[in-house]
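S.K.: All chains should be modelled from the sequences, with the hints used to inform the complete structure.
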Amino acid sequence: MSGDTNGGALVAYTADANKAIVYPLRHGVKPPISRLAISWSRGNTLRVSVMRKPSTSGDSGDEDGGKVVEVKLGNGDGEISDVLWRRIAYGSVSPFALLQSRRNSVSSLSKMSFNSSPYHVEWWEYVLEYSKDINSLLGNRQSPPCLLIEDPKAILKKIEKPTCLKAAWELMELFYADKLSQAWLPELLVDWLADYDNLLSGTQVTVHLKLLDFQKDIVSLQVIEDHPKFWEVVSSALAVGWLEIVVKLLRLHGSYQFDQLGNREIENGLVETVAVLISKMPRMRPELEAGKLGECFKDKPDFIKAWEKWRTQITKLECSPYWVQCVHHQTREGLRNMLQIMLGNINSLCTATCHWIELYISHFLYVRPFTAGLESMYSLAQKCIQSKPMASSHRLMGLLIGILSENIEVVLAECSKGFGPWMVTHAIELLTAGNDQADTLLHEERHNLGGISMEELHRLVYAQVLSSHALTWQIAPIYLTSCMQQGMGLLEILLYKQPVYNNQLLLKNIEICRLYELDIVSSNIMKIAGMYHWKHGKKGSGIFWLQQARDEVRLNRIAQQMFDSVGKSISDESFRQWEGLIQLLGSESKAVGGLEFLHKYRDFKKSLLQIHDGKTTEATRQAVESLISLMKNPSTPPRFWLPLLYDSLKLLNWQERPLLNASQTSLLLNKLQELSMAKLRPDFVEADLPPQALSSVRLALATNLGRSILEEQ
Amino acid sequence: MEKPIATLDKDTTCSSWNYSGQRLATGSLHGTLAVFDSPDPASSSSFSSTSKTRVHDDAVLKVVWVPPEYGDAVACVCKDGSLSLWEEPLQWKLCKSFKNKSTQVLDVQFGACSTSLKMVAACSDGLVKVYELLDPLELKNWQLQAEFQNVIDSVSTFAKASCLSASISWNPQKGESQEASFVLGFNSNTHQLNSSKVWEFDQAHNRWVPVAELALPADKGDQVYSVAWAPNIGRSYEVIAVSTDKGIAIWHIGSNPDLDGRLSVENVALLSGHGGEVWQMEWDMCGMTLATTGSDGIVRCQIFELRLVDASYTFEDIIMKNVPTDLAATADPVSLNITNIAAGPMASVPAGLYAKVHYGTSLSNVDWLHGGAESLLSLTNLFIVLGLRQALRRAKDAKQGTPNAVHGIKEEKSSI
Numbered sequence: 033m034s035g036d037t038n039g040g041a042l043v044a045y046t047a048d049a050n051k052a053i054v055y056p057l058r059h060g061v062k063p064p065i066s067r068l069a070i071s072w073s074r075g076n077t078l079r080v081s082v083m084r085k086p087s088t089s090g091d092s093g094d095e096d097g098g099k100v101v102e103v104k105l106g107n108g109d110g111e112i113s114d115v116l117w118r119r120i121a122y123g124s125v126s127p128f129a130l131l132q133s134r135r136n137s138v139s140s141l142s143k144m145s146f147n148s149s150p151y152h153v154e155w156w157e158y159v160l161e162y163s164k165d166i167n168s169l170l171g172n173r174q175s176p177p178c179l180l181i182e183d184p185k186a187i188l189k190k191i192e193k194p195t196c197l198k199a200a201w202e203l204m205e206l207f208y209a210d211k212l213s214q215a216w217l218p219e220l221l222v223d224w225l226a227d228y229d230n231l232l233s234g235t236q237v238t239v240h241l242k243l244l245d246f247q248k249d250i251v252s253l254q255v256i257e258d259h260p261k262f263w264e265v266v267s268s269a270l271a272v273g274w275l276e277i278v279v280k281l282l283r284l285h286g287s288y289q290f291d292q293l294g295n296r297e298i299e300n301g302l303v304e305t306v307a308v309l310i311s312k313m314p315r316m317r318p319e320l321e322a323g324k325l326g327e328c329f330k331d332k333p334d335f336i337k338a339w340e341k342w343r344t345q346i347t348k349l350e351c352s353p354y355w356v357q358c359v360h361h362q363t364r365e366g367l368r369n370m371l372q373i374m375l376g377n378i379n380s381l382c383t384a385t386c387h388w389i390e391l392y393i394s395h396f397l398y399v400r401p402f403t404a405g406l407e408s409m410y411s412l413a414q415k416c417i418q419s420k421p422m423a424s425s426h427r428l429m430g431l432l433i434g435i436l437s438e439n440i441e442v443v444l445a446e447c448s449k450g451f452g453p454w455m456v457t458h459a460i461e462l463l464t465a466g467n468d469q470a471d472t473l474l475h476e477e478r479h480n481l482g483g484i485s486m487e488e489l490h491r492l493v494y495a496q497v498l499s500s501h502a503l504t505w506q507i508a509p510i511y512l513t514s515c516m517q518q519g520m521g522l523l524e525i526l527l528y529k530q531p532v533y534n535n536q537l538l539l540k541n542i543e544i545c546r547l548y549e550l551d552i553v554s555s556n557i558m559k560i561a562g563m564y565h566w567k568h569g570k571k572g573s574g575i576f577w578l579q580q581a582r583d584e585v586r587l588n589r590i591a592q593q594m595f596d597s598v599g600k601s602i603s604d605e606s607f608r609q610w611e612g613l614i615q616l617l618g619s620e621s622k623a624v625g626g627l628e629f630l631h632k633y634r635d636f637k638k639s640l641l642q643i644h645d646g647k648t649t650e651a652t653r654q655a656v657e658s659l660i661s662l663m664k665n666p667s668t669p670p671r672f673w674l675p676l677l678y679d680s681l682k683l684l685n686w687q688e689r690p691l692l693n694a695s696q697t698s699l700l701l702n703k704l705q706e707l708s709m710a711k712l713r714p715d716f717v718e719a720d721l722p723p724q725a726l727s728s729v730r731l732a733l734a735t736n737l738g739r740s741i742l743e744e745q
Numbered sequence: 187m188e189k190p191i192a193t194l195d196k197d198t199t200c201s202s203w204n205y206s207g208q209r210l211a212t213g214s215l216h217g218t219l220a221v222f223d224s225p226d227p228a229s230s231s232s233f234s235s236t237s238k239t240r241v242h243d244d245a246v247l248k249v250v251w252v253p254p255e256y257g258d259a260v261a262c263v264c265k266d267g268s269l270s271l272w273e274e275p276l277q278w279k280l281c282k283s284f285k286n287k288s289t290q291v292l293d294v295q296f297g298a299c300s301t302s303l304k305m306v307a308a309c310s311d312g313l314v315k316v317y318e319l320l321d322p323l324e325l326k327n328w329q330l331q332a333e334f335q336n337v338i339d340s341v342s343t344f345a346k347a348s349c350l351s352a353s354i355s356w357n358p359q360k361g362e363s364q365e366a367s368f369v370l371g372f373n374s375n376t377h378q379l380n381s382s383k384v385w386e387f388d389q390a391h392n393r394w395v396p397v398a399e400l401a402l403p404a405d406k407g408d409q410v411y412s413v414a415w416a417p418n419i420g421r422s423y424e425v426i427a428v429s430t431d432k433g434i435a436i437w438h439i440g441s442n443p444d445l446d447g448r449l450s451v452e453n454v455a456l457l458s459g460h461g462g463e464v465w466q467m468e469w470d471m472c473g474m475t476l477a478t479t480g481s482d483g484i485v486r487c488q489i490f491e492l493r494l495v496d497a498s499y500t501f502e503d504i505i506m507k508n509v510p511t512d513l514a515a516t517a518d519p520v521s522l523n524i525t526n527i528a529a530g531p532m533a534s535v536p537a538g539l540y541a542k543v544h545y546g547t548s549l550s551n552v553d554w555l556h557g558g559a560e561s562l563l564s565l566t567n568l569f570i571v572l573g574l575r576q577a578l579r580r581a582k583d584a585k586q587g588t589p590n591a592v593h594g595i596k597e598e599k600s601s602i
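Residue numbers (my numbering), protein chains in the order written: chain D, 33 to 745; chain A, 187 to 602.
Just to be clear, a hint being listed does not mean it is correct.
[Unchecked claim] Here are the simulated lysine-lysine pairs, DSS-like style, with alpha carbons at most 27 Å apart: (1) D:Lys330 to D:Lys248; (2) D:Lys85 to A:Lys248; (3) A:Lys248 to D:Lys570; (4) D:Lys632 to D:Lys529; (5) D:Lys104 to A:Lys285; (6) A:Lys196 to D:Lys571; (7) D:Lys85 to A:Lys238; (8) A:Lys189 to A:Lys265; (9) D:Lys682 to D:Lys664; (10) A:Lys282 to D:Lys85; (11) A:Lys279 to D:Lys62; (12) D:Lys570 to D:Lys637; (13) D:Lys529 to A:Lys189; (14) D:Lys99 to A:Lys282; (15) A:Lys189 to A:Lys287; (16) D:Lys62 to A:Lys189; (17) A:Lys248 to D:Lys99; (18) A:Lys248 to D:Lys571.
Hints are computed from structural coordinates only; laboratory data are not their basis. Since the model is a prediction, treat every value here as computed from it, not as a measurement.
M.R.: Put into structure tokens, the structure is as follows:
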């Protein structure tokens, strides 16, 4: 990019303008920018280095040379704070893990016997339990807007705004996990809307928003029933089934006041009748929370009977002659409109509701009270959308339409698009509960995904998101281990990328490796740690970690360095230093050949030091033993053979009597012979010894052999 | 979404993060190597310069970290083409310098093989040099293991090559059994050298052999700007990205060699490039997202998606255009334009990141999808999710003879 930053960007930009998502990267570096550099950090964090063009002479000298910015991709929507996200991430681990282990035990059980045992719990019950656990993490269930007893004029409870995430989860639970409640699905949707209607207010007018507005006016109103908004709000609340609010509002009607009761008896009677009718509305559901209005029916026949009776009562009231006697125009029209709503007049419902979902819900309440299951729910939703188009899409609505259309892929996509990887990963469990079609779709291994299933893909993506934060990466392995094909591969990379400088972190990483039997990774981590310590002068811990890693190559190299250092001079101070190090390693050194050799070599050198001229003692015997065991040991590198023998010349040339017997001497001679052969090989390393060393050793050995044979005879 | 984590020194020319993203090394115009560390290694929230070392009189063009198994060390490629290795126990010290008067080093990359550390250097005369570290404890002793030209048939040699740049990428696989392999491409005046080739070490014959060439027959002479080998966490094939003037090509490389020892290759996608030189390409840890940057000054993240019915691969494209804060504030017409099209970038970009996959399958499983909708699928870049779905519905409606499109879907489109 030469010169102007923006000029350059515009060209490529227009080419893909309608296809790519463009995101302005605000880095705060003053132009001109000369270069960018990118690097992936943990998980899905991208680091971008922005480098300024080098300043020419004459520029002010205190400018920065550029900045590095960290960009997190796919990281939530800002609805939920990072801290809360982490809490949810941590909290959802144990329900998820529990469900996975149950799945494993169930599948192993079903393999064992074809008949399910009498104690067998239906799988969806586990899923429902899981769903409830997850749901409880997302916040407490908000009680629907209902009346407060303390303040007669407060129609809406002041509640903390619920999150879309929770609303979405409940929606998924409603349709996929809660198999028992399928019979009263419409009623559950009514409750759901009551809880979350305010979430939709952000993009569009809703009944909730209307109520909220009216709440502000209510205090200043003297004659509430004269206000046109009053009747509008009441019928809206009735249309979406918020009966408590409706009744409470009706009871604010001026005709209830004692001073007016006498004059407006008929009017008051009508208001009260409507209020009673509303509070007696039959509902197809097992129970109602305290304070909620309506009459519950568990069985459909009873419900139908009650419903028809209720409807007849409304029709009767509708035709009653009292309406003519009601002088208050607004009250009359308002109440009759309410009756129309209860009778399922589509036009009235349409006017009373704002959002399509509200219209949709009102259909269930008053037009099709006997709807069960998902039948024709989708076409109804489409009709409602047609009559009340959305100004802009809302992610909750997208999800709901996906669910109603019974298209699993769309549901997944909406989950992912609207609520991110956490949601998809965890919601897949709900989708597959008792749904064979979804099960095959999500678990089928796909070649074009590199041999993994959709479920695994989403778990991998979620694990990647988890690993982008220092505080959450440790739970990523739990999700990765549930990925059969590629989870381990990603876990290996994830672990490899963890820093080793911090000892505590290092131990944790190694523990994770041990847990998942990732020996290669753990040895690699220990190798890195060993090298780090070795290079930073902590030779002891360096050797320790390299030993743990069983890194023969490096340990042999270290042993060689030690040997070089030790071999230079027996009495040197450095020997003591090395000796201490070898001592420190102690019994551990058996793990690796190079150090085992060094250990023995130290013993040998030590006993050699103790030998005093000409006297056969315990020390000489030990020295000979050490020499023989060193020469016999396959872990002694061949290039040390000659220096060892050269060092022990005084043992070979022992004056008093031959210290080595014939067989020992011939072993050494054989080694010498092997050494001469090895010299011809290209990889032979010449020891740093005087040129006559080989011949003097050979001579000494030959002499010793002769003497020992003579002695043994 | 973005937060600054370090401020670079004046006249910084290049930067590089180490394996764990805990240390940053930068080179400057005046030959200084600066290393940045975070005071708290666990959080890595902000980084500040902890050491500055003069490594050369000339500008440092490239800094490359040595694999951590060999200590904390970097290789610096300087403007005069010299290559030097610097190591840090306590302070940065020179451990090896490679100099050659006749040729310049263009790129260098390290591959940690099971037995030893290998270093590949691509030179301006078109030669590729592979060095091997003799002593795993010291970075001083290197042996030239091989020297060859980047040509697929080893008989022909080309003299007088003059290369502007080169790009090397090792197979990131760390398995013990894996043969060492890397991919390399040149930007030179000699066509035969340019196309990227995959080189593999033949243990039995102790030599490097080219096992694949990543270029379509017509594009073999194209200058290669950058190559990137994707991490493989379980695929049966390897994925390599190669950028040329024509864009960024994604290649699949099979694992079983044919009789000639060549691996099967398949060009599966051509992604948008940067309308010129591509400076850098990096795969994420899953090997599913490719981040690139180049001379147009933008950062692209292209996310792998499912194969669709027409057997093409698609990538979601996210562009990060660099906008200085003060520039955005002055309502520059260019940045305004961008914000308009990417309505609500703050919210939609991160959330939309992984959305695509499902619609992909959704399509692949729908068998009535032919004709009109297919033209949409051939787009190699992002297609907007709901826009696509709308097209899908239309296709469906057209088939079923019901012309009315659903209202809500139309609305949804406008929000993207």
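S.K.: For Lys279 (chain A) and Lys62 (chain D), compute the direct alpha-carbon distance and say whether it is at most 27 Å.
M.R.: violated (34 Å)
S.K.: Given the proposed pairing of Lys62 (chain D) with Lys189 (chain A), does the C-alpha separation stay at or below 27 Å?
M.R.: Distance of about 16 Å is within 27 Å: holds.
S.K.: Within 27 Å, alpha carbon to alpha carbon, are Lys104 (chain D) and Lys285 (chain A)?
M.R.: The given pair, whose Cα atoms are some 41 Å apart, is violated under the 27 Å limit.
S.K.: Given the hinted pair Lys248 (chain A) and Lys99 (chain D), is their Cα-Cα distance within 27 Å?
M.R.: Answer holds: Lys248 (chain A) to Lys99 (chain D) is near 17 Å, not above 27 Å.
S.K.: With a cut-off of 27 Å on the C-alpha distance, tell me whether Lys248 (chain A) and Lys571 (chain D) pass.
M.R.: Between Lys248 (chain A) and Lys571 (chain D) the Cα gap is close to 32 Å, so the pair fails against 27 Å, i.e. violated.
S.K.: Does Lys189 (chain A) sit within 27 Å of Lys529 (chain D), going by the straight-line distance between their CA atoms?
M.R.: Answer holds: Lys529 (chain D) to Lys189 (chain A) is near 22 Å, not above 27 Å.
S.K.: Does the structure keep Lys85 (chain D) and Lys238 (chain A) at a Cα separation of 27 Å or less?
M.R.: holds (20 Å)
S.K.: Assess, step by step, whether the Cα of Lys682 (chain D) is no farther than 27 Å from the Cα of Lys664 (chain D), and give holds or violated.
M.R.: holds (20 Å)
S.K.: What's the verdict on Lys85 (chain D) and Lys248 (chain A), does the C-alpha distance respect the 27 Å limit or exceed it?
M.R.: Distance of about 16 Å is within 27 Å: holds.
S.K.: Measure nothing beyond the straight line between the CA atoms of Lys330 (chain D) and Lys248 (chain D); if it is 27 Å or shorter, mark the hint as holding.
M.R.: Not satisfied, since the Cα-Cα distance of roughly 39 Å exceeds 27 Å.
S.K.: Holds or violated: Lys189 (chain A) with Lys265 (chain A), Cα cutoff 27 Å?
M.R.: violated (32 Å)
S.K.: Is the hinted pair Lys282 (chain A) and Lys85 (chain D) satisfied, with a Cα-Cα distance of at most 27 Å?
M.R.: Not OK: Lys282 (chain A) and Lys85 (chain D) at ~30 Å, beyond 27 Å, violated.
Violated hints, in rising order: 1, 3, 4, 5, 6, 8, 10, 11, 14, 15, 18; the structure is consistent with all others.
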